[in-house]
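K.L.:
Below are the chains, spelled out letter by letter.
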Amino acid sequence: MVQKRELIKGNSDSLLLCLLAQQAMYGYQIIKELEKRSQGYFQFKEGTLYPALHRLEKAGLIIGKWQMLANGRPRRYYHLTAKGHAKLSTERVQWQDFINAVNLILQPAEI
Amino acid sequence: MTTALNHYLEIIRNNLRIDLAEEKNVISELETHIEDKLQELKECGLSEEEAEKTCLGLLGSAKTIARQIYEAHSQGSWEQAFLAAMPHLLFAALFALNWWHHIGWLSIILVMVIGASIYGWWHGKPAWVFPWLGYLLVPVAAFGLVLLYLPKEWSLLTIPFYFLFALWWLFCIVAQTAKRDWLFSSLMLLPAPIIIGWFLTLVPDAKITAQTMERVNHFAPWIALSFLILALTIAAFIRLRQRWLRIALLIISGLLTLTTVVYYVGGKLDVQTFAGLILVMWGLFLIPPLLERWLRKSRRIYKRHVFSSSHY
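Each protein sequence line maps, in turn, to chains A and B. Per my numbering, the first sequence starts with residue 83, numbered consecutively. Per my numbering, the second sequence starts with residue 180, numbered consecutively.
Don't read these hints as lab results, they were simulated from the structure. All residues carry an ideal CB built from backbone N, CA and C; glycine is no exception. One thing to keep in mind: the hints can contain errors.
What the hints assert, rightly or not - Computed cross-link-like contacts, DSSO-like style, restricted to lysine-lysine with a CA-CA straight-line distance of at most 30 Å:
#	chain 1	residue 1	chain 2	residue 2
1	B	K242	B	K203
2	B	K232	B	K476
3	B	K331	B	K203
4	A	K114	B	K242
5	A	K147	B	K358
6	B	K221	A	K140
7	B	K216	A	K127
8	A	K118	A	K169
9	B	K358	A	K118
10	A	K147	A	K127
As the list claims (entries may be wrong) - Facing chain B, according to a computed beta carbon distance under 7 Å, are these residues of chain A, among others:
#	residue
11	K118
12	F124
13	G129
14	P133
15	H136
16	K140
17	G142
18	K165
19	K169
20	D179
Stated by the list, open to error - Computed beta-carbon distance windows for the label pairs:
#	chain 1	residue 1	chain 2	residue 2	range
21	A	G154	B	L285	56 to 64 Å
22	B	V444	A	A141	28 to 36 Å
23	B	G455	A	P156	52 to 60 Å
24	B	I190	A	F180	51 to 59 Å
25	A	T172	B	I431	50 to 58 Å
26	B	V319	A	N153	34 to 42 Å
27	B	E189	A	A141	22 to 30 Å
28	A	F180	B	W278	53 to 61 Å
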């Protein structure tokens, strides 16, 4: 459990950038979407989400904009910026290399 | 929203200490998140009380959230660090290049101090403006010095009024700054004991004579060095994220600079003098948080008063 938490903590920025690259979302929606897409594996602790979003916004990777929902309630939607897209592309390549390397160790090709 | 949730958001607000516009965004965002979560939990069959308890449990410590958001916002850019260090660098240059007796340079610096302070104050009070604001106290102090040169009767008559005005001015600036964050008040006041220390050394009888000029010339490189240390401290302060590191930096740097000034001027440093310097720095760091606490308490009492009068 601790290992899983550490894994999420270490990769929270990449996960958030990846989600927001597909669609602009607000905080509560991000938590739900992450849980749904990972089939319950990733459960972002609510209190850690907002500091992470603000950190990414301050770094210029995302930008928050207030928008009205259909029911008239305002929500702060986060959009990925051009800098965020560039960062995500680099991280995707790094992740892919990492996954390939791990797979080579876990499932060695039969000699 | 219930009292417990409002109290939770109030703790976050009190510990955020970020730009007011950003603070509003953070609180509104958390408010909407709590509303969504409460609705979801109630739809799952939880009572209002249970939903509230679960929601607060999931969010975690209010102080931790506030601290993490503060750290996300606190670090300034290198440009901001340079801008914040600039007034100290200008004063360091004034003494290092022996420009301190040129009225032209002094006027230029005065105009820059006033201009930067006004600009920063009306543009969201960014962190870099506070060191400039501190130097707004220098013309007030210089005006007090001029009063000493009036005929004796006039001096006696005007000085009490001057003291009242100077204290009122100091209180206004510190109170306004403490509303944003008491740490900025300490940042602003940091050069005060060092400038006062140099002043008492150079002008012990409060009268500027030819001897004073000689003394300033003699100490000019050391005065420049103390301003340079202040500039480096401020630049590091702006770049640091963690609050406790910022506090430690201001205390250590302020105390070391002041101790060096006293040691260099006096040629020795006994325990009593050092204890006195610690007391001066302690006061510098104790008054702003106490003032902030008092201002917040007054604001809470005022809000409660307005709330109760609107209900009766």
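K.L.:
So, A:K169 near chain B? Judge it on the closest CB pair being under 7 Å.
P.N.:
violated, 16 Å
K.L.:
The hint says 53 to 61 Å between A:F180 and B:W278; measuring C-beta to C-beta, is that right?
P.N.:
About 58 Å separates the Cβ atoms of A:F180 and B:W278, which means 53 to 61 Å holds.
K.L.:
Close enough to count: is the Cβ of A:G142 nearer than 7 Å to one in chain B?
P.N.:
violated, 11 Å
K.L.:
Does A:K127 lie within 30 Å of A:K147 when you go C-alpha to C-alpha?
P.N.:
With a Cα-Cα distance of about 23 Å, the restraint between A:K147 and A:K127 holds, given a limit of 30 Å.
K.L.:
Take the shortest C-beta to C-beta distance between A:K140 and chain B; is it under 7 Å?
P.N.:
Result: holds, 5 Å to nearest chain B Cβ.
K.L.:
Regarding the hint that A:H136 lies at the interface with chain B, is the smallest CB-CB distance below 7 Å?
P.N.:
Holds - the Cβ of A:H136 comes within 7 Å of chain B, reaching about 4 Å at its closest.
K.L.:
Report holds or violated for the interface hint on A:F124, using the least CB-CB distance to chain B and a cut-off of 7 Å.
P.N.:
violated, 15 Å
K.L.:
Hint check: B:K242 vs B:K203, CA-CA at most 30 Å. Holds or violated?
P.N.:
Measuring from Cα to Cα gives roughly 17 Å; hence the hint holds.
K.L.:
Would the hint linking B:K331 and B:K203 be met if the CA-CA limit is 30 Å?
P.N.:
violated, 54 Å
K.L.:
Hey, A:K114 versus B:K242, does the alpha-carbon distance stay inside 30 Å?
P.N.:
holds, 24 Å
K.L.:
Cβ-Cβ distance between B:I190 and A:F180: within 51 to 59 Å?
P.N.:
violated, 40 Å
K.L.:
Does the interface hint hold: is A:D179 within less than 7 Å of chain B, judged Cβ to Cβ?
P.N.:
At about 29 Å, which exceeds the 7 Å cut-off, the nearest Cβ of chain B leaves the hint on A:D179 violated.
When each numbered hint is compared with the structure, violations occur for hints 3, 6, 9, 11, 12, 17, 18, 19, 20, 22, 24, 25, 26.
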